[in-house]
Amino acid sequence: MFTVGRGGPAADTGKPSYSAGVIEYRTPAELEEMRPAGRFVADVLTALADEAKVGSNLLDLDALAHDMIKKRGAESCYIDYHPSFGAMPFGKVLCISVNDAVLHGLPHDYDLADGDLVSFDFAASVDGWVADSALTVIVGEPRPADQRLIEITNEALAAGIAQARSGNRLGDVSAAIGAVAKQNRLKVNLEFGGHGVGHTMHGDPHVPNNGRRGKGLPLRPGLVLAVEPWFLHTTDRIYTDPDGWTLRSVDGSRGAHAEHTVAITESDPIILTARD
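Going by full-length UniProt numbering, 246 is the number at position 246 of the sequence shown; the sequence numbering is gapless.
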């Protein structure tokens, strides 16, 4: 359970959003415009978690997300996505990472089996604004170690969000996530983490999942971040699957992933992708 509030933004100043270098800040009115994207992404993840059962096919789950995008009139952030680390355009609308896969899982013809650990990562644009979120579920009979890994990952997400406040620094968010990992003897990979969100899915700043308190970018109202912890049971090292996208643990250990799009305000952070 998150301990931060979901209060609304401060009164609108009427001034347009602006950037300091490549860091963009949104007006309170623009944060309100981002809420529908957050709600839609939350709804899709809720539907996917409900549909993830023993025997569910990954391609069918991707098709469900695709259908929801079409009905909403939204746009996929993934289907044409082709960063430098991707072998080709992603081609699907949803990342599904199973067991030893933890990030960028490319949906393929696989039926979920009893005990599978499944992470869904989904981002979409609604009316020009993007939201990005992820969750991890267990299909069928859970392994206690997997349940605990999910709990730790969600605890780290909550700890990071609690530090996403005006007056703090980016290092406070990262350090809070890293502290939860350290308390639970988990290693932290710094290559992939959170990021800025706005009109595009990935923007500055990068939000590492470990850091130093009091260091880094000062957090100011209007900054929107995807806070994104992910951990593996026994390693922080990953490799790219032959499919050119899916990132897997080097030792076969399982992973969990959690993410919310969060807006920094004058008061409490707003979790734009909060799920009911």
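Don't read these hints as lab results, they were simulated from the structure.
It is possible that part of the hints are untrue.
Taking lysine-lysine and the BS3-like style, the derived pairs with C-alpha atoms no more than 27 Å apart in a straight line are [as the list claims (entries may be wrong)]: (1) 53 x 71; (2) 187 x 215; (3) 70 x 53; (4) 182 x 215.
Here are the computed distance ranges between Cβ atoms for each label pair [stated by the list, open to error]: (5) 128 x 84: 20 to 28 Å; (6) 87 x 267: 20 to 28 Å; (7) 275 x 70: 15 to 23 Å.
Cβ coordinates follow ideal geometry from the N, Cα and C atoms, glycine included.
Now for the hints, and whether the structure bears them out:
| no. | hint | in the structure |
| --- | --- | --- |
| 1 | 53 x 71 | holds, 24 Å |
| 2 | 187 x 215 | holds, 21 Å |
| 3 | 70 x 53 | holds, 24 Å |
| 4 | 182 x 215 | holds, 19 Å |
| 5 | 128 x 84: 20 to 28 Å | holds, 25 Å |
| 6 | 87 x 267: 20 to 28 Å | violated, 44 Å |
| 7 | 275 x 70: 15 to 23 Å | holds, 21 Å |
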